Amino acid sequence: MNPVIKIILQRLALGLLTLFIVSIVIFAAVNMLPGDFAEAILGQGATPEAVAAIRRDLGLDQDPVTRYLQWLAGALQGDLGNSFAQANFASFVGDDSGVRTTVAQQIAPRFANTMFLAGVTAAIAVPFAVTLGVLAALYRNSVFDKVANISTLTSISSPEFFLAYVLILFLAVLNPLLPSLSNIYADMGFGERLQKTLLPALTLTLVVTAHMMRMTRAAIINLLASPYIEMARLKGIKPMRVIVHHALPNALAPIINVIALNLAYLITGVVVVEVVFVYPGIGQLFVDSVKIRDIPVVQACCLIFAAAYILLNLTADILSILSNPRLRHPK
Amino acid sequence: MSDFLVEMRDVRIEGRSDETWMPIINGVDLTLKKGEVLGLIGESGAGKSTLGLAAMGFCRDGVRISGGSVTFDGIDLLSASAEQKRQLLGKRIAYVAQSAAASFNPAHKLIDQHTEAPVQHGVSGKSESAADGIELYRKLRLPNPDEIGFRYPHQVSGGQLQRAMTAMAMACRPDLIIFDEPTTALDVTTQIEVLASIRQIVEEFDTAAIYITHDLAVVAQMADRIKVLLKGDEVEEADTRTMLSTPTQEYTKSLWAVRAFERPDKPPVATDATPVISVQGVTAAYGTVDVLHDVSFDIHAGRTVAVVGESGSGKSTTARCITGLLPPRIGTIELDGEPLPLDYRKRSKEQLRQVQMIYQMADTALNPRKTIGEIIGRPVEFYMGLRGSAKRKRVAELMDQIELPADQYIDRLPSELSGGQKQRIGIARALAAEPKFIICDEVTSALDQLVAEGILKLLARLQDELGLSYMFITHDLATVRAIADEVVVMKDGLVVEQGPKRDMFKPPHHAYTDLLLSSVPEMDPDWLTNLLKERGVDNIGDAAVDKMS
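Line order of the protein sequences matches chains D and R.
Numbering-wise, the first sequence is residues 2 to 332 according to this note's numbering.
Numbering-wise, the second sequence is residues -17 to 531 according to this note's numbering.
Hint data in this document are derived by calculation from the structure and do not stem from the laboratory.
Careful: at least some of the hints might be erroneous.
What the hints assert, rightly or not - For each label pair, taking beta carbons as the anchor points, the in silico distance ranges come out as:
#	chain 1	residue 1	chain 2	residue 2	range
1	R	L60	D	F163	46 to 54 angstroms
2	R	L60	D	K147	26 to 34 angstroms
3	D	A219	R	S397	19 to 27 angstroms
4	D	A254	R	E516	44 to 52 angstroms
5	D	R327	R	T166	33 to 41 angstroms
6	R	A493	D	I9	43 to 51 angstroms
7	D	Y140	R	G140	30 to 38 angstroms
All figures in this text were calculated on a predicted structure; none of them were measured in a lab.
Quick reminder that beta carbons are idealized off the backbone N, C-alpha and C, glycines included.
Between the sequences and the hints, there should be enough to build the whole structure, so can you do that?
Structure (structure tokens):
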């Protein structure tokens, strides 16, 4: 078999195994949260009978292993269960005809919004960071290099909400160029949606640029002492071409990995920015669901986050393997 | 306007070490006419590469030209702007590096790297220059010249890469090429092909060249004139024939004399003696592929068996089988007539103690964070159980044996030692176990000739004093001549010939041994010319090896 395909299949299998283990960890962790949905929703004045009835209704009275297996079986068939919070508790008074909202229905639009924000951010941040890294490597130890390093470090070291407010101040309040609220709707046109997403995307760009830019710079500079870079210089190749054509293709593996980590962060870790801009992403949904112990939603969110991490790292692995000509073109 | 293509006057070059600038070249003159080949020779650290690069107006990071003048075809390279120099490099001045495998970019195909300089300098178009590249590959007798350029560097062998790099240097038909040790990393049969190719193409296009090497016999074939450097100073310069026949300086004479070291023959071993190490019918595999086939030889007490062959012939694999790192698939290894467990993990401490190794790269074989005393002390403690003052005393004795004063060196780190000194530490570490048998794996191939000779003499003396047996892995026949009692010639995992040294260097040989012997350059400037005449240009080196198998 082609070695690349073999490696990819191995990594895929490993990814699935990881996801399975993570699902156990998620389920166990969520079950360890103090209190449950019934207590959370009924409040302090709940009678034990009412709590027990809701538990029975939601299946919370079964033992954890059974519930895990049911959940896993459902998840494997694409059924992530029903949201507790959106359930119609008419069933509680004997009428079981109430329509229940599935977790999938609840998460889907939020997840789409999160992916949109992550996509817009990536489209700005990745080219920006890589270009900045290449230029910093080309003009290493110059004023430009130092300014780029210090400003990206400053932005990554500042709290996200602070960066968000600074951007709001300059781009929404002092110069009303962009809306400071990112309340987007399902039937919004692409242009308007993009405009509303721009401020959170710029904030996140400031957060993720530093890693990618510094890794690009370091990976390239690391190669500049190689004999083939010296050879390119001795062939009279222009410095910019030496970096972009000779160093960058060999420096891709570490750069791709850092990009993947940052993209995963954009999907899973942006709740603060969502709150500041009132952006209806999955992060807010996740935090709200934890608050009211809406376990199916929490578990589904966790699973999506884990899958995003695994998938992006897997993609990064495969791309860095493909960036190695020794593996692409075996002897 | 002078009639020199390159004119360097009183060139001074410095390199930064820590915060100070240390001199590398102390005022050397170098001139080169159009179409002339100058050989630049010296040991490592003599500054040959630095001087060669300075002729291109180029300095590596941490190196600067601090004085003198460098002129190329009337252009002052020291006052030229970076952009002016860039216009010359690749177009009118080209460079061929020591390791083509490292100097070709692994991410691009050979032909794309070949056409880069002509296209970027606007000399010719891509397709035109690719066609010319294929023509050059054909001239340099690369196999499949029409297709080889479309491969990536890792898909092409070292000798072929070196020729492809020579072709690449020729891409813009430069006036000057700097060859920086282009054959040092190659086997003799590959080297001879590359040498023939380089010489042919330099003559055909009347290109001037500076040929940098530490190998006198090689430079004798390539250069019209030879300049000898020692620690940044010029020792002497003369045309090749004069230099070879009548060197005037003591240092040059000592370089010439190195090859004279040869141990006298020892009396034959008694027929009933038990060998110290006996390799019997060993077949070994990496994965499912057999790489050694039925290898057998004996090594007797106080004797040296040289195992000779090219890279990939199975020399080091044989060593791995003897040490138990690679248990053979079939066959046995005996120590003093007793079979050794094949896997080193099953051997007793006593059995492990008797078989020691000295490695090719002393740099990587010594732990850089341990002092010399700790490095040598470790086997003293592990095998001999000595501690405290007894251990210190033993370490001092061992350092005395390798001729390094203990009081000066015992607390130093490997990085504070020269290459030859590090290799001596490697020897002391092997001796610390008080073994009967030591495997020396290419122990001198990374060293300069004078230093290598010192190591060989030390090993010979230790053998006489301690009655050691050596298995000496090498691809260098001069080393074999110097130290071996018996020779085992290997090719493709098979022993093709074995016997006492004096028989090996006398005809008739096995055809492969003959090829190996005749491919070693001699100090005769006509050697390559005569060999090419005798054998024909397509019947040397790897081509001849391929015909044999």
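Quiz item: If you check the beta carbons of Y140(D) and G140(R), does the distance land in 30 to 38 angstroms?
Solution: Cβ of Y140(D) to Cβ of G140(R): about 36 angstroms, so the range 30 to 38 angstroms holds.
Practice problem: Confirm or reject the claim that L60(R) and K147(D) have a C-beta distance inside 26 to 34 angstroms. | Solution: 30 angstroms, holds
Exercise. Kindly confirm whether 46 to 54 angstroms is satisfied by the beta carbon distance between L60(R) and F163(D).
Key: About 52 angstroms separates the Cβ atoms of L60(R) and F163(D), which means 46 to 54 angstroms holds.
Quiz prompt | Verdict for A493(R), I9(D) (Cβ pair) under range 43 to 51 angstroms | solution = Between A493(R) and I9(D), where Cβ atoms are some 47 angstroms apart, the hint holds.
Practice problem: Evaluate the given range 44 to 52 angstroms for the C-beta pair formed by A254(D) and E516(R). | Solution: 50 angstroms, holds
Practice problem: Could you see if the CB distance from A219(D) to S397(R) stays within 19 to 27 angstroms? | Solution: Since A219(D) and S397(R) have Cβ atoms about 25 angstroms apart, the given range 19 to 27 angstroms holds.
Quiz item: Per the hint of 33 to 41 angstroms, is the separation of the Cβ atoms of R327(D) and T166(R) within bounds?
Solution: About 24 angstroms separates the Cβ atoms of R327(D) and T166(R), which means 33 to 41 angstroms is violated.
In summary, the one numbered hint that this structure violates is 5.
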